[in-house]
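J.: Sequence:
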Amino acid sequence: MALIVEKFGGSSLANIDKLRNAASIVAADYKKENQLVVVVSAQGDSTDHLVEQAEAIGRRISPREMDVLLSTGEQASMALMAMMLMSMGVPAVSLCGWQAGIRTDALHSKARIEYIDTRRICAELAQDRVVVVAGFQGISPSGDITTIGRGGSDTTAVALAAVLEADVCRIYTDVDGVYSADPRVVQNAVRHYEIDYDEMLELASQGAQVLHNRSVEMAKRFGVQLEVKSSFINGVGTRVREVVMEKRSVSGVARDQNVALVTLEGLQDQPGNIWRLFSGLTEQKINVDIILQPPAVGQQTSITFSVPRESLDHAVEMLTEHRGDLMYESISVDDRVCKISIVGAGMASDYGVASRMFESLYQAGVNVRCVTTSEIKISVIVSEEDSDRAFIAVHDAFF
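Residues in the sequence shown are numbered from 1 upward in steps of one, following UniProt numbering.
Since the hints were derived computationally from the structure, they do not count as laboratory data. Check the hints yourself; a few may be wrong.
Below 20 Å or equal to it, Euclidean Cα-Cα: the simulated SDA-like pairs (lysine to any residue) are [claimed, not checked]: (1) Lys18 with Met86; (2) Lys18 with Ser87; (3) Lys18 with Thr47; (4) Lys285 with Arg64; (5) Lys285 with Ala106.
Beta-carbon label-pair distances, calculated as ranges [as the list claims (entries may be wrong)]: (6) Gln268 with Ile233: 53 to 63 Å; (7) Thr372 with Leu107: 23 to 33 Å; (8) Gln225 with Arg309: 32 to 42 Å; (9) Ala354 with Thr263: 18 to 28 Å; (10) Lys31 with Glu385: 47 to 57 Å; (11) Leu107 with Asn15: 31 to 41 Å; (12) Glu321 with Glu359: 40 to 50 Å; (13) Asp45 with Gln270: 43 to 53 Å; (14) Arg150 with Ala354: 27 to 37 Å; (15) Pro295 with Gly149: 32 to 42 Å; (16) Asp174 with Arg309: 16 to 26 Å; (17) Val68 with Glu375: 38 to 48 Å.
Using N, Cα and C, we set each Cβ at its ideal position, and we do this for glycine too.
Work out the full structure, taking the sequences as your base and the hints as a guide.
T.: Set out below in structure tokens:
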């Protein structure tokens, strides 16, 4: 008997037929005498529809009430999944995040899981029930419903697998594993049968949508064995774990279209000014990725950095409000850009990787706006109109 955590994304639950298909996967594993905890996302585009309704009311929506609203999508999925399993003769019980003991901090929409009280889940498993848990949500110290941000259901599944010491955590999605690039865009994308945690973390952080970076980071920290599988195609999928082998130069190419550039011109070149800029963004929970600063001219400089598109208005509002403190002359933004990244654990020992990437972009007629590197990653910012061409050209250079 194995203890398995299985997570089904929204595309795997989008309608009654897909829900039945997902439930049949769970039922088959249950009949093999496994203990099962199933984490579900909201069905299809239901979360987007809830957001649209809230935005129709106004822009300044209470974060608390927004979390209450958005958590209902996963709650509907969990109840429907439990009903479907019971119709197949599989005993099941559905639990909201708070019922499953998922305790978070009080930061609405971006909450962090602090601990999980597993007593209720273990009690239900002891009764031979499949436990269906609403992903993406928990409860704060004050008893309020919280949501844990983008990719929250992946994070919920891995967190449960960690505290329950599950044998494996299976992430079911609409692709049959982790590819060298999005197979829906790049026709010759190569599927990996296994991939290292660090490589998967970088791919997820740079825009690969198959797994969320928080879930991969948690899986590595707690040694959770991950499997990425298709809920529609029966196959082996991709295992994400510590891979002891000769590292390939590039394992994948990722594209992140949720990017915007912010440029401050006429910034006073004096100690502490850059710190004030980025500490202010940090206080507002705005993530900054690529940073570009040319040499100062006289007493002034400029700085360009990238933020998620959904944070752009918030960032500009904060920067404009503190213009006097930050001492800059003008601000400009560009939200018609995207980020293309190559990732590979063997890049540090391969001298030709960067050259091949830039050559492929040159041959495709793509201009590079910004560049950032790490030991296992090179990322570039290009114009949105060049996105597809750049993505395919870079992939073709390595695969």
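J.: Compare the structure with each hint and give your call.
T.: Against the structure, the hints come out as follows:
1. In summary, the hint linking Lys18 to Met86 is supported, as the alpha carbons are separated by about 16 Å, within the 20 Å threshold.
2. With a C-alpha separation of about 15 Å, the suggested pairing of Lys18 with Ser87 holds against the 20 Å cut-off.
3. Simply put, Lys18 and Thr47 have alpha-carbon atoms about 17 Å apart, close enough for the 20 Å limit, and the pair holds.
4. Of the supplied pair hints, the one linking Lys285 and Arg64 holds, its CA atoms being roughly 16 Å apart against a limit of 20 Å.
5. With a C-alpha separation of about 14 Å, the suggested pairing of Lys285 with Ala106 holds against the 20 Å cut-off.
6. Between Gln268 and Ile233 the CB atoms are about 57 Å apart, so this pair conforms to the stated range of 53 to 63 Å.
7. Evaluation of the 23 to 33 Å hint for Thr372 and Leu107 yields a pass: the beta carbon distance comes to about 27 Å.
8. For Gln225 and Arg309, the Cβ-Cβ distance of about 34 Å falls inside the hinted range of 32 to 42 Å, so the restraint holds.
9. At about 25 Å, the beta-carbon gap between Ala354 and Thr263 stays in the expected band of 18 to 28 Å.
10. The given range of 47 to 57 Å is respected by Lys31 and Glu385, whose C-beta atoms sit roughly 52 Å from each other.
11. Distance hint check for Leu107 and Asn15: the Cβ-Cβ separation is about 33 Å, which falls inside the suggested range of 31 to 41 Å.
12. Between Glu321 and Glu359, the C-beta spacing of about 44 Å keeps the proposed range 40 to 50 Å intact.
13. Between Asp45 and Gln270 the beta carbons are some 49 Å apart, a value that agrees with the proposed interval 43 to 53 Å.
14. Distance hint check: the CB atoms of Arg150 and Ala354 are about 30 Å apart, consistent with the given range 27 to 37 Å.
15. Checked against the hint of 32 to 42 Å, the pair Pro295 and Gly149 passes, with Cβ atoms roughly 37 Å apart.
16. A hinted range of 16 to 26 Å for the beta carbons of Asp174 and Arg309 is consistent with their spacing of about 23 Å.
17. Take Val68 and Glu375: their Cβ atoms lie about 42 Å apart, and the range 38 to 48 Å holds.
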